[in-house]
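Listed in order, the protein sequences are those of chains F and D. Using my numbering, the final residue of the first sequence is 495, and nothing's skipped along the way. Using my numbering, the final residue of the second sequence is 455, and nothing's skipped along the way.
Simulated from the structure, these hints should not be mistaken for lab results. Bear in mind that the values here come from a model prediction, so they are computed numbers and not experimental data. Treat the hints with caution; some may be incorrect.
[What the hints assert, rightly or not] Computed cross-link-like contacts, DSSO-like style, restricted to lysine-lysine with a CA-CA straight-line distance of at most 27 Å:
#: 1; chain 1: D; residue 1: K236; chain 2: F; residue 2: K425
#: 2; chain 1: D; residue 1: K297; chain 2: D; residue 2: K429
#: 3; chain 1: D; residue 1: K297; chain 2: F; residue 2: K154
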Amino acid sequence: MAIAKRQRTELATHKFEYAPAPESTDFVKIEPRYGLFIGGKMVAAHSKKRFATINPATEQKLSEVVEADATDVDRAVKAADRAFVSWSRLDPSRRARYIFRISRILQERARELAVVETMDGGKPIKESRDVDIPLAAAHFFYYAGWADKLEWAFPNRKPRPIGVAGQVIPWNFPLLMLAWKIAPALAAGNTVVLKPAETTPLSAMLFADICQQAELPPGVVNIVTGAGQTGALVVSHPGVKKVAFTGSTEVGKSIQRSLAGSGKRLTLELGGKAANIVFEDAPMDAAIEGIVNGIYFNQGHVCCAGSRLLVQESIAEPLLEKLKVRLGTLRLGDPLDKNTDIGAINSKAQLDKIAGLVEAGVEEGAELFQPECKLPERGFWFPPTLFTNVSQSYRIAREEIFGPVLSVLTFRTPAEAVEKANNTPYGLSAGVWTDKGSRILWMVERMRAGVVWANTFNRFDPTSPFGGYKESGYGREGGLHGLMPYVELN
Amino acid sequence: MDVRKTYKLYIGGEFVRSESGRAYRVDGSVNVPRGSRKDLRDAISAARKAFPGWAERTAMNRGQILYRAAEMLDGRRAQFVEVLGGGRVAAREVDQAVEAFVWYAGWTDKLAQVAGNTNPVAGPYFNFTIPEPTGVVGIVAPSESALSGLVKRVAPALCGGNTVVVLASESEPLPALTLAEVLATSDLPAGVVNVIGGYRRELLSWLGAHMDVNAVDVAGCTPGDVAAIEKSAAENVKRVIKITAGEMSPQLITAFMEMKTVWHPIGV
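Based on the sequences and whatever the hints tell you, model everything.
Following this line, the structure appears as structure tokens:
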């Protein structure tokens, strides 16, 4: 034990030296200003309002985009509506071909997309390069194949497309969320009006270019930029027959309210406060990597992040000691650097929200731990943070922080773990770490969450349905179940 | 001389009067209990209490109990035909209700095989998706086909492992209240189905807004009611189920369910 302890201390004090390894940006072309993608072309907007999108790591302006108004949204919906007539009747195998093409172009232009995603959103390049873009391409590839197989997906039913889908996506995985929304909608024969998040519109603007490159028929995909007001215009437009939203529970609820009685179909993928549960028999090093991946991946800007660590009391002390050491090895800084683990916080507003909740945690009596970590002078940054001595009633244990902040609670029995895990209005995801197979399945049965990762965390795949229980929303994205929101059955 | 029946609410496995003590008369002859907001609350908490136990039953056991309900309903055929006004239409109505129980009884242990999947993810993980009950479901009973229309919603909800609070039709409450007597003798654990009669305007908004209800089926609602329920349902992101009345399909079972996806690494 003493030796092990000394080794850990040595690891903690030994700093690995890394030479800077920034990804180059000179091959990326970002326009100084963008219009809207309507009817297959980038067009000038009716709205005269524009806003800047900045690089959150440098606070430098990257480009200007339009804040689309009611006239712009109306044009986009009408273009989608016109395109629906022919797109929905197109030979499904042709529809598949277009979607396959999009997937291939995403792969070809992966490097460019990864760099833009990282510049616009602040996430580490190794994540946009290895996770976001490949998964987005894979998502299109997966749903392309469904386009001409829908009758096999719904035996005894006649699946038909719904019409124009209005889709509003968040800033944490901009291109990936775009793929989750557009791919199944198109495969089922719908057309789309999509609004990317206000802080991360650029990969969607590149995607508009990709649609043109794929010669996708005009109007099948339309992209309007803007903030919440534009999103509200998209979902409330009478020409939109199906609404899909990913974002905060608060906005999700307001959309559900606003669509009451409209007859529109709605799916919501909202917030989370996932429990990541570690039992005493879990392989500790693997669990620690899972905990780190669970909450510090993408700066914790992940709706399914494992933001509540539930650790069995008997191993809490050694686990936390190791975890703190591991936190000290995370490299925070330039998101374009290939060695960066933690990039920039997406926006000033989000940084303020995180800081506010962390302050509340300290005030309520939780014990704060942050490794020594030098933050760059410009840009928005928050160090990896861990709270112990957390009570279930604290805001940091109840509210979604959407930042690199982990709240640690302990439990003694499996039943207590289940009770604590489920003690939240959310139900998006959960994690369980144990060597005992029967216990995994026992936990899986009892946790009220749409995705359960056992001895792993934050894994995604186009074939794997994703979505929440309770106030984390309804409907699934990914897999066979991800088609359901985009078809009429009878 | 007849022994006349007093119709009652069915809450937590017991036939009770409304706590308000009030009643109303549908056709001028029979008193129907007029459930209050408190009765509704009691029904919802009974359903919540019954939920874990019912969800944990094996699929086969749930199937047997639903089949038992079909047997009990069929055994009281004459009574239901009378409640429904007699004649061939009423008899067909009972047939359909019995058939719905039988059909969904046969689905309990097949649904996961049709609606669940293993998902071939691109990596060394085993990944599967299973349907699970959403929780406590409110069902607003239709007035048309007051018996079979109701059974066609209650049976799929129970099939998936949910517990149910039924708001009986205001104008045709007797089939729902009498169905409670069938359910009470069908080995359904107490609280799995609860039936409330009363005025829609006094109950609907509370059902739509209640924070411990996971889903509401609005097959028996007017368009205006649907809009009101959808609005209040947003408070806890309730699922509002709007599948056309009369339909029988596995999609109606999964409408009351959540899909859970599980990942585990493969390795030695």
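Hint check results:
no.	hint	result
1	K236/D to K425/F	holds (18 Å)
2	K297/D to K429/D	holds (24 Å)
3	K297/D to K154/F	holds (23 Å)
Violation of the numbered hints given earlier is absent; every hint is satisfied by the structure.
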